[in-house]
Every structure is written in structure tokens, then in C-alpha cells.
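Q: Residues per chain are reported as follows:
Protein chains: 2
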Amino acid sequence: MIRNPRQDNQGVTSAPADKTAQDAVDQINPGAELAGLRQSIDNIDMALVAMLAERFRCTQAVGKLKARYCMPPADPAREKQQIARLRQLASDAKLDPDFAEKFLNFIIREVIRHHEAIARQQDGVTETSS
Amino acid sequence: MIRNPRQDNQGVTSAPADKTAQDAVDQINPGAELAGLRQSIDNIDMALVAMLAERFRCTQAVGKLKARYCMPPADPAREKQQIARLRQLASDAKLDPDFAEKFLNFIIREVIRHHEAIARQQDGVTETSS
Numbered sequence: 699m700i701r702n703p704r705q706d707n708q709g710v711t712s713a714p715a716d717k718t719a720q721d722a723v724d725q726i727n728p729g730a731e732l733a734g735l736r737q738s739i740d741n742i743d744m745a746l747v748a749m750l751a752e753r754f755r756c757t758q759a760v761g762k763l764k765a766r767y768c769m770p771p772a773d774p775a776r777e778k779q780q781i782a783r784l785r786q787l788a789s790d791a792k793l794d795p796d797f798a799e800k801f802l803n804f805i806i807r808e809v810i811r812h813h814e815a816i817a818r819q820q821d822g823v824t825e826t827s828s
Numbered sequence: 699m700i701r702n703p704r705q706d707n708q709g710v711t712s713a714p715a716d717k718t719a720q721d722a723v724d725q726i727n728p729g730a731e732l733a734g735l736r737q738s739i740d741n742i743d744m745a746l747v748a749m750l751a752e753r754f755r756c757t758q759a760v761g762k763l764k765a766r767y768c769m770p771p772a773d774p775a776r777e778k779q780q781i782a783r784l785r786q787l788a789s790d791a792k793l794d795p796d797f798a799e800k801f802l803n804f805i806i807r808e809v810i811r812h813h814e815a816i817a818r819q820q821d822g823v824t825e826t827s828s
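Here the protein sequences line up with chains A and B, keeping their order. If you're matching positions, the first sequence starts at 699 in the working numbering and goes up one per residue. If you're matching positions, the second sequence starts at 699 in the working numbering and goes up one per residue.
Calculated from the structure, these hints are not laboratory results. Mixed in with the good hints, there may be bad ones.
It does not matter which identical chain is used: a pair holds within one copy or between any two.
[Stated by the list, open to error] In silico DSSO-like cross-links for lysine-lysine, where the CA-CA straight-line distance does not exceed 27 Å: (1) 792 - 762; (2) 762 - 800; (3) 778 - 762; (4) 800 - 778.
Excised from the complex, chain A in its bound form (with noise of 0.2 Å):
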């Protein structure tokens, strides 16, 4: 009889029929269950790629045509805005809002890390975060 470990930490009371099978269960279910917890970890870090590649294109899109039309790069009032936001997002799916802020502001810091080596290459094509 194979039983679940679960299942005697919860004081079933008849002991293990066969302790070959239980040491298997033991030594086998974490195994698999790390495998899966991986698999979804990566499937996630796959979709964070693919929508950090989609955001820096538009955050492109947004600095040359804030070139195109002289509108000026940074927009404060629009950055506190997303902050909130994203805050509020956080909260809502019980990630910590503190981290979802150093989250954007990492972003940010990488977005001007492009404006500014546009701005060495061509005079006039700039980048913003918003």
C-alpha cells in the first residue's frame, strides 16, 4: 500500500503496509514536484522576456516620437502616476508593492541607460521610460 507522507502528519493512524513503497514516495514525490515547480518557474521567466523585450519597444516608440515632436523626455507627473499603479497592482496580486516599485525603477534606470547611448550616437533620438 503506498500512502501519501502528508497523510501520517495528519495522524492517520494505520502505519506504512510496506516501507519499501513509502521510502519510494519519499524519495521520489519531491523530486517531481521540484521538477514541476521549475518547469512553471521557467515558463514564467520566458513570458517576463517576451514582455520586457514588447515594453522596451514601445519605451522606444515613445522616445522617438517624443524627438519627432520635441515633447519633452521626462514627464514626472506621468511616473508617479505608473508608481501608484503599479503599487496598487501589486498589492492586489499579494506581491510586496515596495518590491513592484524598485521592480519600475530598475526598468527606468535601464530605459535611460538606452536614452543616454542613443544620445551619444545621434543627436535628437531620445528614449523615456513613460
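Since the structure of chain A is provided, determine the placement of chain B on it from the hints.
A: Frame of chain A; chain B shown alone:
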């Protein structure tokens, strides 16, 4: 006649029939285009927050699993594999692979921060990045 300013740049020969209308296009379209791009950025940020929240749920489950079965919290081989995979995914998506690696390290630092906070609160429950 309202004409798109981009058409002018592509060598359309006829002059604008109505300069006022042309000016209106120049003034109104950039704002609408900017609003559209910002809407895309906001949608992407919503997806990023959801994916990050789900990723931390997975790493937390990995941490609990490893603590329960006394598996080592760190796995350098797995981390090396993750970095190589993420760099390749980034390259395919035309995202800077160096940025993708920095991003993964940023996430891992947060996971370690969680791990340290948990370790301070209760002995034996750990969380890993992988």
C-alpha cells in the same frame, strides 16, 4: 484634405490642400500616438506584475519543499542553466541578453531577501531562487 505627415516623408508629391488641417494633424496625432503607447506600457506592466507575483509563489513553494526534504537551498548548476536559457530567450526576442541576466539577478536578490526574512522568523523554512 487631411494627409498623414509620414506620407510627405515618403515622397508623396502633392502639397497639402489645407495647411490648417495639416497643422491639426501634426498637433493632435502625437498625443494620441503617445496615449496609445502608454496604454500598451500599462498593459504590459500589469502582465509583468502578475507574472512576478506568480513567480514568487513558485519560489516560495520551492523553498518550503527544499526545507521539508532537507534539499540544499542553492543549486549553482540550475542557476547557470537558467542564465544561459534566459540570455538565449532575450536574444531571440531582441532584448539585450546582458539586461536579461541583470534582471534575473535582480529577482534572485529579492528571493534571497525573502529567504533571509523567513530564516529570521522561523528556523528551517527556506526559499530558493531556482
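Q: State for each hint whether it applies.
A: Going through the hints against the structure:
Within a single copy, residue 792 and residue 762 get their C-alpha atoms only as close as 36 Å, which misses the 27 Å cut-off; across copies the closest is 18 Å, which meets it. When the C-alpha separation of residue 762 and residue 800 is checked against a cutoff of 27 Å, the pair qualifies both within a copy, at 26 Å, and between copies, at 25 Å. When the C-alpha separation of residue 778 and residue 762 is checked against a cutoff of 27 Å, the pair qualifies only within one copy, where the shortest distance is 22 Å, while the shortest distance between copies is 36 Å. Proximity of residue 800 to residue 778 under the C-alpha cut-off of 27 Å is found in both arrangements, the shortest distances being 13 Å within a copy and 25 Å between copies.
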